[in-house]
Amino acid sequence: MSIRERLSGNEAIATAMRQINPDVFAMFPITPSTEIPQYFAQYVADGKVDTEFICVESEHSSLSACLGAEAAGCRAVTATSSAGLSFMNEVLYVAASSRLPVVLAVSCRALTGPININHDYSDSMAERDSGFIQLYAENNQEVYDNYLMAHRIAEHPDVRLPLMVCEDGFITSHAIENIELEEDAAVKAFVGEYRPENYLLKKENPLAVGPYGVSGYYMEARVAQAHAMMNAKKVILDVAADFEKTFGRSYGFFESYRMEDAELAMVIMGSSAGTAKAAVDELRAEGVKAGLVKIRVFRPFPGEELAQVLSGCKAVAVMDKSEGFSANGGPLYAETAGACFNLEQRPKMVDIVFGLGGRDFTVEAARSVYGRLEQIARTGETGPLYTHMGQREA
Amino acid sequence: MAYNLKEEMNKKDRFNPGHRLCAGCGAGIVCRAMMRAVDPEDRAVICNATGCLEVSSFQYPFTAWDDSYIHTAFENASATASGVEAAYNVMKRKGRIPEGEKVKVLVIGGDGGTYDIGFQSLSGAFERGHDLTYFCYDNNAYMNTGTQRSSATPRFANATTTPAGTESVGKKQNQKDLTQIMVAHGSPYVAQTTMFGNMKDFHEKAHRAIYTQGPTFVNVLTPCPRGWQYPAEDLLAICKAAIDTCIWPLYEVVDGEYRLTYEPKKKLPVEEFMSKQRRFKHCFKPGNEWTIAAAQEYVDKKWEDLLMKCK
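Those sequence lines, one after another, are chains A and B. Counting from 1395, one number per residue, gives the positions in the first sequence under my numbering. Counting from 990, one number per residue, gives the positions in the second sequence under my numbering.
Source of the hints: derived by calculation from the structure; they are not laboratory data. Glycine included, every Cβ here is placed at the ideal spot set by N, Cα and C. Don't take every hint at face value.
Said to hold, decoys possible - Heads up, incomplete: computed chain A residues facing chain B, CB under 8 angstroms, no partners named:
| id | residue |
| --- | --- |
| 1 | 1443 |
| 2 | 1446 |
| 3 | 1459 |
| 4 | 1465 |
| 5 | 1470 |
Okay, chain B solo, but in the shape it has when bound (with noise of 0.2 angstroms):
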């Protein structure tokens, strides 16, 4: 059926207002997004890592997620979710859930509790091949304790235990390439996308996600204004800088097969995306140029890498 964005958007919300989510966060978008590519006669268990989301969607006594949610701790979702798995299997096999009854195992954590503190479990889960999707919303940092570097922060953006300084430009790291690991592992699926016009890249992508059996994985670019200092308001043109920009590129990988989603009309300067975040303004100081000129020379390779991989 082809997507249409109002019938989505009379969807019943399975993420409800109420949260406490910061204004111009993506990662409430994330999740009404994520549920609203479950079928609606499906049911869902959502088991989240420890960060902003889980601390915001579940404060007792009170739940922004209609379907079942577990949280358990920061670096086991995936083994939690492996487990609400097999549970799943073990009751279907012994009668206690019919048969044509559908729950699906959503996974979803940030870039720590995912790139980094996450990826043992995430890893083990993938190999092991459980029935589950992983959503990533990757924020480019700890934002939950006030944004420390992660394995996902960009090469020179401020963070807290990365400040720009008289003797430092941000973090000297480029952004570990998660979306290219998991792909490693031989998932079904694998996508990058983010939010960004009528949300059809990411409804696409997830519902596929959801729908394929196996371990299959979603990345999602997801801004965060207190960690990369953007107005609120400024959420979607920051998302569409990075696609743009080829910063953060829009494609899927199904059984191995790359496919490119969205191919900027003009590839844009990695300017356009770094001006719009205060976590980049030291680059823009005179005498930093070389970190901007760094920052386009990496995103042009990588770009051309996954060209060459879409062929």
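Next up, chain A with everything else stripped away, as it sits in the complex (with noise of 0.2 angstroms):
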């Protein structure tokens, strides 16, 4: 029997945590997701737990400790946001290639400068390429499944790669909302425990971790991690096919709303993507055929699924929520562009950065992208392929 709650996104993740009672869990503060640390430390405090929790002096050291705690054999997780999850970059990496599955809640937001606290997926984004699955999610329902589900993918044979579970930072991380809660005792038959077949405290057979790699042999781990990364893709439809026989809530590589007879669509991430549904539904309404995809899983990037969806469709918006500074538009239109590329029948596509640093996105806006859209289906011109929206005028 599901429960009814309100919590916000932090408190969700710290639930599923409290639920999960994973091993070792290596703490840094840093805003947003400084909550997250702070409800577990509670639940330590109180018994709920029997989790070994450590205060670490950085966000480096966080993710180093949970890195040998996975290795020594034992589930890990770790909180952060923005210049804590740089700071852990070079780790992030080490995490991925030494195929330690670290699951990682990111309360996502803006990097510096200026400083800024509020929301965007600048620090998320710039890690795209460190070899973690990323989890994104709509609201705090979606947050805690998502979390619900993250150490089963992570930490499946066939994967084992690090996971970062994200949410967007305030809006998501901070706003109560309505949410049904899993039991205890679901969750943890869920999940299930972690026993790794190798790990540094198995007596029988000690393991060695992270050697150097000449180039005689580093290609073949490479290319091993990027197959792992692939058979994440069934992994994650796999559990996600048992999350919602479990618990009755449908999840896949992103959501189509409205998109059936599109024309007109828009590629979201994130809380935005409520907003923007809002106007889809009044586009609706007015005759116009407007969808939207809305990606929840980022890495892998369903980039096939994605072009057969958006294969129908006249006019595409990419909505970027972070700015990439390639000159060429932001990481999720990449991406997008990339997958589209060899389809027979391609829409128009034009990307729009957004938001970034918590500017606000309303459903107004969303309707004025769904104009431009409209416009470009009409006349072929898409106009310019890359543009910023709600900024001050120059």
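Put the two chains together into one complex, using the hints given.
Here it is in structure tokens:
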């Protein structure tokens, strides 16, 4: 039986962590993810978990401690945001290449500068090539559900990759919403225990982790890691199918919202999708064939599947909530455009960078995007392929 | 049990031949001696910072280590070890490791990975009080990248980033006294040693460090033939000169109590140490006599300070 509750995204993650009862949690505070270890510290203080909770001296060390714990044979977790994720950068790559399935909660926040504590995906997008699986969520329920699925995906023998559960800083992390929690026992049964085959503390078979790999071996390791990320696609869907069977809520690589006959589509991520859905509903009521695709899984990127969904569209706007400084559009645009390149019937596609540093995104703003798509579909002219929206005029 | 070199050398090596360390490098001796200090019935997990030792002892698909080993990066060996220690604690608590089964967490890094880039994670781990022993093989510079100066490089040493030249007499600053800094962390056991004689000093300190509950630190002066520029066979003579000149005094600090473990019968002048290595060659040029006098003055002061602490 689900339990109806009202929780913030951070508390939803902390609750999921309590239910899973990980072996090791290494924490370092940073806004807006700090509440996650704070809630957890109270669970430790009240004896609700028997986790080794270590308060380390930096994010570099929190992830490093998680690596040590995972390699030693334990399930290890941490949480961070923004500069904290950037500070972990080096260790993220080591986690992935050492095939240590740490689960990292990220309350996504803008990167400095100027310094800013509000939401965009500058932090997580900067780590898109780190080898972590990345799951994104529209609301607190999805954050919680993604977290419940995270360990099973990451720890699967065909995958063995670390995973980021991303939520939108403040918007999702701090806003309190209705949520359906699952029973502790049901969560424990669903997630299961972590029992790796080989680990540092195994008596029978000492293990060596983190070798020097010369040119004659390095590429094999990298290719194996690339295959693991490809394997993750099937595992993500399998775990989602079991999740739906167990808890009744359905997840895929992305959510297609009113896309059946859509001519004008938006590709978007996170909480902004909720706002854009309201615009889609209004436009549909007005007879506009508008639809939306909300990306849940950014790594591995579901390129083929996404291209299939977009193939029937006339015009697509990719909404990037991070600025990649490529002078050629944001990361979501690069992935989406690349995925669609080999389609027989390619939609016209533009990139719109929006909402940086917590800049508001409204239903009206979303409607204006569809207005532009309608014009592109009608004239066949895209205008500038890469624009920013919602900022002050110079 | 009294130390017996023959018995110690009859133990099975837990750091094995076939590693790629240079001839005349001290690090291999440190590793073998460190592993001899782990009781044969106990296991160990070695957490190693990036450096010469890492690339030389675990080059895929070979490892020189009998025990479990992990390398993650340069600056985080102590943090990685914190995670291993936490895992050990929780697995014991949850019954996944039986009572009575002991695993010692050993951390090893060069001076770059310890004094400099790894200092934050080292300090953090010691403040938190994890049960681990950190061995620093201090070879006085970033040797894996080719002898760049570190905060452990002694004043006047010729390093590739502090070369001697017409306007330079080598490194400008004295060595950071990391051993004292580790004492200031309140560690229950901190020691300085090096390799000499029958290795008794090293062994006893290493064993005591490993079997003292809490974060313990052993700083080992570890000559590097490439960086210090000496013939491989001079390794032990250089170590002996370091302790007899009091450039590297041997002492231990147990719960804050200082104890000198070696006092030279006759304190030798610093030239005895410096003249054996070409990294100090420029100090012996006419006009640079003052460098040796300055080095002597510094060593004398540090030695007097230490004697005061040991009283």
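Residue hint residue 1459 of chain A, partner chain B, criterion CB-CB below 8 angstroms: This hint holds: residue 1459 of chain A lies near chain B, its Cβ roughly 4 angstroms from the closest one there, short of 8 angstroms.
At a threshold of 8 angstroms, is the proposed contact between residue 1465 of chain A and chain B supported by beta-carbon distances? 5 angstroms, holds
Agreement of hint residue 1446 of chain A with chain B interface, Cβ distance less than 8 angstroms: With a closest approach of 4 angstroms, the residue 1446 of chain A hint holds.
Against chain B, is residue 1470 of chain A within 8 angstroms by beta-carbon distance? Check passed: Cβ of residue 1470 of chain A comes within 7 angstroms of chain B, closer than 8 angstroms.
Does the closest beta carbon of chain B sit nearer than 8 angstroms to the beta carbon of residue 1443 of chain A? Violated - the Cβ of residue 1443 of chain A stays beyond 8 angstroms from chain B, reaching only about 11 angstroms at its closest.
Checked against the numbered hints listed earlier, the structure breaks hint 1 alone; every other hint is satisfied.
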